[in-house]
Amino acid sequence: MKIQQADATWSNWSGSQYSSPQTFEPKKINELQTLVKSHAQIRVAGAGHSFSALAKTDEVLIRLDHFKGVIDANEATAQCTVQAGTRLYELGEYLAPLNQALINQGDIDQQSLAGAISTGTHGTGIDLPCLSAFVQGFQLLTADGELLQCNKQQNTEIF
Numbered sequence: 001m002k003i004q005q006a007d008a009t010w011s012n013w014s015g016s017q018y019s020s021p022q023t024f025e026p027k028k029i030n031e032l033q034t035l036v037k038s039h040a041q042i043r044v045a046g047a048g049h050s051f052s053a054l055a056k057t058d059e060v061l062i063r064l065d066h067f068k069g070v071i072d073a074n075e076a077t078a079q080c081t082v083q084a085g086t087r088l089y090e091l092g093e094y095l096a097p098l099n100q101a102l103i104n105q106g107d108i109d110q111q112s113l114a115g116a117i118s119t120g121t122h123g124t125g126i127d128l129p130c131l132s133a134f135v136q137g138f139q140l141l142t143a144d145g146e147l148l149q150c151n152k153q154q155n156t157e158i159f
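All the letters of the sequence shown, read from the start, carry residue numbers 1 to 159 under full-length UniProt numbering.
Worth flagging that the hints you see were computed from the coordinates, not collected in a lab. Hints may be right or wrong, so weigh each one.
Each computed SDA-like pair below joins lysine to any residue, with the alpha-carbon atoms no more than 20 Å apart [claimed, not checked]:
1. K68 to Q139
2. K152 to C80
3. K68 to E90
4. K56 to Q41
Working from the sequences, and respecting the hints, build out all of it.
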């Protein structure tokens with residue numbers, strides 16, 4: 001299996017953090033599992049919308065840019081399954097034809113969905129929580145390559 005290797009220069013959105021890691025852009029979950037299992041230390045970067053050096057590394061960096069789009073959507077429940085690398089602005093484009101939208105969103109729409117959920121991104125409105133409060137479940141890839149389903153019924157200690 002050949003996993004796509006990307007340009008070796010990474011920087012955050014402002015250019016204040018940069019590095020030259022070995023960068024991979026897997027296209028399928030089994031490629032991602034192979035990368036995780038075969039490297040002792042990795043970083044995963046989304047859109048790079050952070051001031052901190054969280055994703056900065058000179059070792060292995062994985063980008064999830066090929067993990068985009070809505071996998072499943074249910075108009076009746078207003079729920080959808082979305083891939084982690086989907087940018088927030090793209091999510092709006094995917095959801096509009098389904099008569100769905102995010103109830104709330106932060107000011108920046110360049111973030112990946114996984115990044116926005118993981119960092120407590122929120123919009124305005126005193127009664128609206130951050131985006132992660134709306135998550136009903138997710139898949140988590142462990143360091144040993146196992147893919148876990150996490151929700152209120154499965155792996156609840158992680159969810």
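Going through the hints against the structure:
no.: 1; hint: K68 to Q139; in the structure: holds (14 Å)
no.: 2; hint: K152 to C80; in the structure: holds (16 Å)
no.: 3; hint: K68 to E90; in the structure: holds (9 Å)
no.: 4; hint: K56 to Q41; in the structure: holds (12 Å)
Violated hints are absent here; each numbered hint is respected by the structure.
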